[in-house]
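Chains as they are written, first to last, in full-length UniProt numbering: chain D, 1 to 425; chain C, 1 to 425.
Hints are computed from structural coordinates only; laboratory data are not their basis.
Any given hint might turn out to be false.
A pair holds if it fits inside one copy or across any two, identical chains being indistinguishable in the list.
Only pairs whose alpha carbons sit at most 25 Å apart, straight line, appear in this in silico SDA-like list of lysine to any residue [claimed, not checked]:
1) LYS138 - GLN422
2) LYS138 - ILE373
3) LYS138 - ASN411
4) LYS323 - SER59
5) LYS138 - THR25
6) LYS302 - ASN314
7) LYS207 - GLY407
8) LYS207 - MET341
9) LYS207 - GLY60
10) LYS170 - ARG414
11) LYS302 - MET42
12) LYS23 - LEU268
13) LYS302 - CYS159
Number of protein chains: 2
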Amino acid sequence: MANEANGVQIYCTDCGTVMQGWKETICRCGGTWDVRRPIASMDGERLRRLFDERLGQRSGVYASGVWRYRELIAPELPEEALVYRGEGNTGLYDSTAAAQYAGVRRIWLKAQSENPSGSFKDNGMVAAVSHGRSLGNKWFACSSTGNTSASLAMYAAWCGLQSLVLAPAKGISPAKISQTSAYGARILAFDGTYDDGIRFLRQSAEKLGLYVCNSLNPYRIEGQKSIVYELAQQLDWSLPDWIAIPGGALSHVSALGKGLEELFALGLIGRLPRIALIQAEGASPFHRMVQSGAASLTPEPKPNTRASALNIGNPPSWRKALKALQMTNGVTAAVSDEQIMAAKRIIDRSGIGCEPASAATLAGVLKLRTEGIIDGDETAACILTGNLLKDIDALHELYENAGDASGGTLNVERVAELCSVQASP
Amino acid sequence: MANEANGVQIYCTDCGTVMQGWKETICRCGGTWDVRRPIASMDGERLRRLFDERLGQRSGVYASGVWRYRELIAPELPEEALVYRGEGNTGLYDSTAAAQYAGVRRIWLKAQSENPSGSFKDNGMVAAVSHGRSLGNKWFACSSTGNTSASLAMYAAWCGLQSLVLAPAKGISPAKISQTSAYGARILAFDGTYDDGIRFLRQSAEKLGLYVCNSLNPYRIEGQKSIVYELAQQLDWSLPDWIAIPGGALSHVSALGKGLEELFALGLIGRLPRIALIQAEGASPFHRMVQSGAASLTPEPKPNTRASALNIGNPPSWRKALKALQMTNGVTAAVSDEQIMAAKRIIDRSGIGCEPASAATLAGVLKLRTEGIIDGDETAACILTGNLLKDIDALHELYENAGDASGGTLNVERVAELCSVQASP
């Protein structure tokens, strides 16, 4: 795939080595691969027209909210290899309730939770699976705390391919692992963490003939760039002052930064928004690194947050994440589980809904506003990464006392009391 | 709303009385209301062009997969009263696996499970809430086993309105009730059935100032017609031989029949497909009525099926359902929970996924094929009514042994065994 003829190179972000052929996992130096595209030679105006024209498509590959932007994601893959299953095309909601909560001028909620498997992972996974399929792979694998595995399992099933999921036996969402299993993935639950699973795949995937779909796969990042492309297109190519995203494995911020850089270089957006990367306090090694000014990331050996999608102690993409932050004059913040669940309540009760990890964004905007880093007159987009239905335990905890669950008979008096209304005679 | 000037009438399907003003619940005779539109005076060709043009819209009210068809759903409501939140626009999947399983030529899966609240209920609910809002209501209520309540609660939250859900304390999906609660509904769990809740609302809703959003609300049916409009449009206005839908409260089949009748009368489709209405064996009073040739429905006092969305013993819309069946030369079938779960496995493992009730459609097509009622050369669309994530207990039961959940260490040998692959040296 790395092909000088079409100007595409895959190179190591650490040592600069250019990949020859396809190495599925990591560079010999231990660094991660990234795809370099000839953005400077592309015609931004032509692309904008093309992307806008494709909005009218309702079927076929270019109706996908990822492949609409194919020229920036993977033009080097043959069209017949491209997988699509309704990903992207997610809603963007102008939320007064969220803006009031955080004390800023305007907040848009970008609901990647509306993707087919219920999370933002589909945007990147569809590109990785397309790439792996173009090379003739049969087995696709990942280490996952949930959303990644469900997305991989869905796309593998959709294409008639096989998937293997390495899942930490503890601390994952039952809904996510059940969903993964339903799509037919082989699941190996092990005693260890997400990070242990990544380490195993780095060492053994080639030996086992597994195509690795974690975010160290550079096509995950390429596909995931489509989130900010779509956000920009929905806002008529003018982005808000801030984009807030949750930070777990940090592939999301890497993709966001790369997508922004490209949009800016192409002249599709006139200025760069600032990135606000929000981690959960119990799993915030990246935030701590940025705060302390340390030169490298010290993993958190025992990550611990209620927002299961963020429960990652050794994020593999921290170098790319740092680059994205620096490029956009971005900031980090860490929020408590209580702050996350309070923000989730706002998002849920606005009729949008999300899983806890997604709500870290709104909690983070509030925190950064309180600290004076975000101004009250500024605007922000919060990327909602996972569907409300993805993490049902969180609902039980938060909402079990929201009504009258006592059973018993139904009568006018009970209803009138519960709703604080008066019954007419 | 009932307005002779624009040719729209709301009338009782039992006694024929034309509604004067708006009565929220039922006719004095006990019958249900229906909306009559001046279809005969409408220009089908003009409508088709209009609906096709609107496919290019990606924001605003006409980007909705319901309001795209506004002229057939509720032109009498003022545009500013129309609620929309990304409903409809769901995927249609040509599934070889499903066709092979049922032994028919071709099966499309129409994934209403991709609606914003995760079920087909959004199509009808958005119309009912729009209508209720146009009348100035503040409190919206329903009796529900789950999907209806989640949909209502979502739209009420989205519009800043209040919702009340009467929920049977037993036999409902925890995911659905948690979702409902998350959106901020007041929930009253009571000892009784869905049918008891309906009876209470019929008697007491007006007294309590509640706008009732169950399917006895005729705007639920009007909105729900959009499912078959969209299906027809996606298939370039040519429907398959059969449309299979699950039967619980029977509003779905009523809406489907009405939508088909209109499409045919307008010349938008050249022939009517046959409806296959599938019930779960443990909750199949309508199927039994049809089979026995009885003149009226005998309720099932203790409905009992694993497919919780179908667990309804006294479906309020059975008269409309019968009319729809007769018009399309339709049939009914009842399938066991085992047959439902086996069909669910096929749909899940094709990468689409659904809740158990939805899988009754595919199980029913297989059964009707086996009985020779559906021919092997025929085609069918199965309407998937609810998202995979809506009924997670079902997943645990079915899939808990799909992998290796034993924990322990991660090594090449375990992976090789689980995936039946050979590790290279």
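Check each numbered hint from earlier against the structure, then list the numbers of those it violates in ascending order.
When the structure is compared with the hints, numbers 2, 4, 8, 9, 11, 12, 13 turn out to be violated.
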